[in-house]
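Visitor: Respectively, the protein sequence lines represent chains A and B.
Numbering of the first sequence is given in this note's numbering, commencing with residue 290 and proceeding in unit increments.
Numbering of the second sequence is given in this note's numbering, commencing with residue 290 and proceeding in unit increments.
These are computed hints drawn from the structure, not numbers from a lab.
A couple of the hints might just be wrong.
Remember, identical chains collapse to one label, so a pair may be satisfied in a single copy or spanning two.
[Claimed, not checked] Quick list of in silico lysine to aspartate or glutamate cross-link-like pairs, EDC-like style, CA-CA up to 16 Å:
no.	residue 1	residue 2
1	Lys-331	Glu-316
2	Lys-474	Asp-487
3	Lys-570	Asp-552
4	Lys-557	Asp-394
5	Lys-570	Asp-519
6	Lys-600	Glu-538
7	Lys-570	Glu-538
8	Lys-474	Glu-491
9	Lys-474	Glu-422
10	Lys-600	Glu-513
11	Lys-557	Glu-386
12	Lys-572	Glu-422
2 protein chains.
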Amino acid sequence: MCLSQCIVICVLCLSYRHAATVVSGRELARQIHKEVQSDTAKLVAQGNRPHLSVILVGDDHASHTYMRNKARAASLLGMSSSTIFRPSSVSQEEMLELIDKFNRDRSISGLLVQLPLPEHFSERAICNAVAPEKDVDGFHIVNIGKLCLDQRCMVPATAAAVWEIIRRTGIETVGKNVLVVGHSKNVGMPIAMLLHSDRNHERPGGDATVVMAHRCTPLPRLKELASLADIVIAAAGVPHLITADILKEGAAVIDVGINRLQDPVTGKLRLVGDVDFEAVKEKAGFISPVPGGVGPMAVAMVMKNTVTAAKNAPTY
Amino acid sequence: MCLSQCIVICVLCLSYRHAATVVSGRELARQIHKEVQSDTAKLVAQGNRPHLSVILVGDDHASHTYMRNKARAASLLGMSSSTIFRPSSVSQEEMLELIDKFNRDRSISGLLVQLPLPEHFSERAICNAVAPEKDVDGFHIVNIGKLCLDQRCMVPATAAAVWEIIRRTGIETVGKNVLVVGHSKNVGMPIAMLLHSDRNHERPGGDATVVMAHRCTPLPRLKELASLADIVIAAAGVPHLITADILKEGAAVIDVGINRLQDPVTGKLRLVGDVDFEAVKEKAGFISPVPGGVGPMAVAMVMKNTVTAAKNAPTY
Numbered sequence: 290m291c292l293s294q295c296i297v298i299c300v301l302c303l304s305y306r307h308a309a310t311v312v313s314g315r316e317l318a319r320q321i322h323k324e325v326q327s328d329t330a331k332l333v334a335q336g337n338r339p340h341l342s343v344i345l346v347g348d349d350h351a352s353h354t355y356m357r358n359k360a361r362a363a364s365l366l367g368m369s370s371s372t373i374f375r376p377s378s379v380s381q382e383e384m385l386e387l388i389d390k391f392n393r394d395r396s397i398s399g400l401l402v403q404l405p406l407p408e409h410f411s412e413r414a415i416c417n418a419v420a421p422e423k424d425v426d427g428f429h430i431v432n433i434g435k436l437c438l439d440q441r442c443m444v445p446a447t448a449a450a451v452w453e454i455i456r457r458t459g460i461e462t463v464g465k466n467v468l469v470v471g472h473s474k475n476v477g478m479p480i481a482m483l484l485h486s487d488r489n490h491e492r493p494g495g496d497a498t499v500v501m502a503h504r505c506t507p508l509p510r511l512k513e514l515a516s517l518a519d520i521v522i523a524a525a526g527v528p529h530l531i532t533a534d535i536l537k538e539g540a541a542v543i544d545v546g547i548n549r550l551q552d553p554v555t556g557k558l559r560l561v562g563d564v565d566f567e568a569v570k571e572k573a574g575f576i577s578p579v580p581g582g583v584g585p586m587a588v589a590m591v592m593k594n595t596v597t598a599a600k601n602a603p604t605y
Numbered sequence: 290m291c292l293s294q295c296i297v298i299c300v301l302c303l304s305y306r307h308a309a310t311v312v313s314g315r316e317l318a319r320q321i322h323k324e325v326q327s328d329t330a331k332l333v334a335q336g337n338r339p340h341l342s343v344i345l346v347g348d349d350h351a352s353h354t355y356m357r358n359k360a361r362a363a364s365l366l367g368m369s370s371s372t373i374f375r376p377s378s379v380s381q382e383e384m385l386e387l388i389d390k391f392n393r394d395r396s397i398s399g400l401l402v403q404l405p406l407p408e409h410f411s412e413r414a415i416c417n418a419v420a421p422e423k424d425v426d427g428f429h430i431v432n433i434g435k436l437c438l439d440q441r442c443m444v445p446a447t448a449a450a451v452w453e454i455i456r457r458t459g460i461e462t463v464g465k466n467v468l469v470v471g472h473s474k475n476v477g478m479p480i481a482m483l484l485h486s487d488r489n490h491e492r493p494g495g496d497a498t499v500v501m502a503h504r505c506t507p508l509p510r511l512k513e514l515a516s517l518a519d520i521v522i523a524a525a526g527v528p529h530l531i532t533a534d535i536l537k538e539g540a541a542v543i544d545v546g547i548n549r550l551q552d553p554v555t556g557k558l559r560l561v562g563d564v565d566f567e568a569v570k571e572k573a574g575f576i577s578p579v580p581g582g583v584g585p586m587a588v589a590m591v592m593k594n595t596v597t598a599a600k601n602a603p604t605y
């Protein structure tokens with residue numbers, strides 16, 4: 290084949306370049322739901338129906354929505370669940386007593402306290418009060434320690450969601466360059482831990498080179514690092530932070546941002562991620578949308594953690 | 290001043306460029322020793338002399354050297370110490386019993402089990418057996434969890450050594466680009482945690498953009514990332530991995546490598562780091578040598594952890 294033919298083919302390839310594969314978090318969540326449903330059925334047959342308890346403090350609108358999503362998913366998958374409401378005036382001592390009671394209740398497999406909590410709480414004290422083996426949010430200090438040491442543990446649901454999206458979409462990580470934007474303890478940090486660590490350890494990692502960027506990363510530097518990244522995980526909580534111009538052609542882009550913006554015309558709130566979806570879709574290889582990407586997967590991972598907790602519970 | 294004058298001055302600056310400041314770990318360790326000595330004297334005056342216990346299994350030559358360095362440092366600083374030797378045939382159960390006894394012994398402030406242990410041990414089980422408040426190596430799962438959540442804790446000594454070298458040398462980290470090469474759980478991972486995290490948290494971090502590279506990072510990618518780095522921390526255990534050609538002019542280079550190479554002429558073993566010291570010295574802004582860099586600082590940080598453990602111990 291002569292050079293001119295090659296050039297023609299390349300030009301054709303470029304002009305026929307498809308937009309990114311939009312990763313459906315809803316579809317992937319359905320896959321996980323099927324697996325969890327099957328595991329739940331087996332446990333039910335053994336007389337061990339998984340049960341998720343959620344403690345909800347105050348009347349934060351988003352928290353109520355998340356709680357309902359979890360209760361609905363649990364019910365669909367054959368688990369039982371309960372939600373315990375407390376007013377925002379509840380004291381930390383009362384909460385610790387409640388958690389202690391639930392820790393000792395053998396009928397409860399998984400227990401989570403919906404965050405954020407009112408200001409008079411130490412969220413860390415509350416997270417550490419939940420028994421690690423029931424901690425389906427993966428926020429207990431021992432689960433964080435195990436996560437960072439590549440041991441089997443309850444992985445925080447959003448980080449687990451990102452991991453499963455990457456795995457189930459067949460995105461390669463070994464030796465690849467991953468940019469994680471945002472270093473929160475519940476999302477960015479555990480994602481970086483999962484992706485940079487050894488694929489042969491007890492809890493396998495991605496063996497990727499991982500960049501941890503955040504609000505102190507100067508914008509020109511962020512752009513430079515984004516242009517090198519095979520995978521970009523946006524978890525900064527900044528709408529439209531990740532734009533098409535800073536990305537490498539064909540990169541995989543996972544959007545973990547949940548930002549509520551008011552539509553200037555209708556005045557209604559709408560959910561957007563950290564990624565400029567429409568433009569990035571034309572340049573990336575894979576992209577997860579908001580809503581319908583990481584969100585439904587995170588709920589599915591809480592369900593998976595709950596069934597794991599039920600499996601691991603002592604049967605006496 | 291005209292352009293030609295500027296050019297002349299720039300050329301002069303370039304030609305008179307000094308080699309890197311060689312950071313003396315021994316000198317910095319002396320600073321820390323003074324502080325620890327002063328704290329120790331206060332505790333002794335209160336009848337609470339810090340005591341470090343080291344458990345040493347088998348006859349690994351390097352382990353015996355490390356142990357002697359720690360015992361010598363403890364003695365110099367006014368602490369008492371003890372080393373308990375066990376043959377490599379000792380069982381895990383016997384070790385766990387010994388650790389339990391030491392945990393309950395109020396005269397012991399800090400306790401460490403020198404790693405590596407013989408193959409029949411679970412090092413994780415041993416590290417988790419040491420009471421977190423006496424764990425001067427910072428390897429207990431709860432100390433790792435706290436480290437990763439930016440809480441006050443016993444920071445692993447080598448990571449703490451790198452942190453103190455950076456701080457006491459006045460190397461800026463906020464918004465800077467840091468490349469950590471090597472992702473071991475005792476060294477690379479905790480260094481990345483310290484440097485990328487928030488400077489306003491309970492345990493202040495460096496607020497740097499941190500790249501975690503390791504043996505799966507392709508060499509061309511490592512070079513690309515090194516050329517962007519303001520600070521390079523080499524903790525891969527690969528002699529001469531970091532060469533001058535891949536670095537940015539004026540970068541700070543901290544060498545954590547400890548490699549024993551046989552001299553082809555004399556046949557003697559000599560200690561080298563991961564950095565091509567002589568060449569890098571001419572290009573970097575700061576460089577820590579091996580030996581005499583991180584090594585003495587790591588011993589000093591074990592001493593600092595021991596005095597902290599003594600301060601925090603309940604007085605009943």
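Visitor: Now look at each hint and say whether the structure bears it out.
Guide: Against the structure, the hints come out as follows:
1. Lys-331 to Glu-316: neither (23 Å within a copy, 64 Å between copies)
2. Lys-474 to Asp-487: For Lys-474 and Asp-487, the Cα distance is within 16 Å only across copies (11 Å; inside one copy 20 Å).
3. Lys-570 to Asp-552: Neither: 22 Å inside a copy, 56 Å across copies.
4. Lys-557 to Asp-394: For Lys-557 and Asp-394, the Cα distance exceeds 16 Å both inside one copy (43 Å) and across copies (64 Å).
5. Lys-570 to Asp-519: within (15 Å within a copy, 33 Å between copies)
6. Lys-600 to Glu-538: neither (43 Å within a copy, 55 Å between copies)
7. Lys-570 to Glu-538: within (10 Å within a copy, 38 Å between copies)
8. Lys-474 to Glu-491: Cα proximity of Lys-474 and Glu-491: across copies only (13 Å, versus 22 Å in one copy).
9. Lys-474 to Glu-422: Result: close neither inside a copy nor across copies, 20 Å intra and 23 Å inter.
10. Lys-600 to Glu-513: So Lys-600 and Glu-513 fail the 16 Å test inside a copy (45 Å) and across (46 Å) alike.
11. Lys-557 to Glu-386: Classified as neither; 40 Å inside a copy, 64 Å across copies.
12. Lys-572 to Glu-422: neither (42 Å within a copy, 51 Å between copies)
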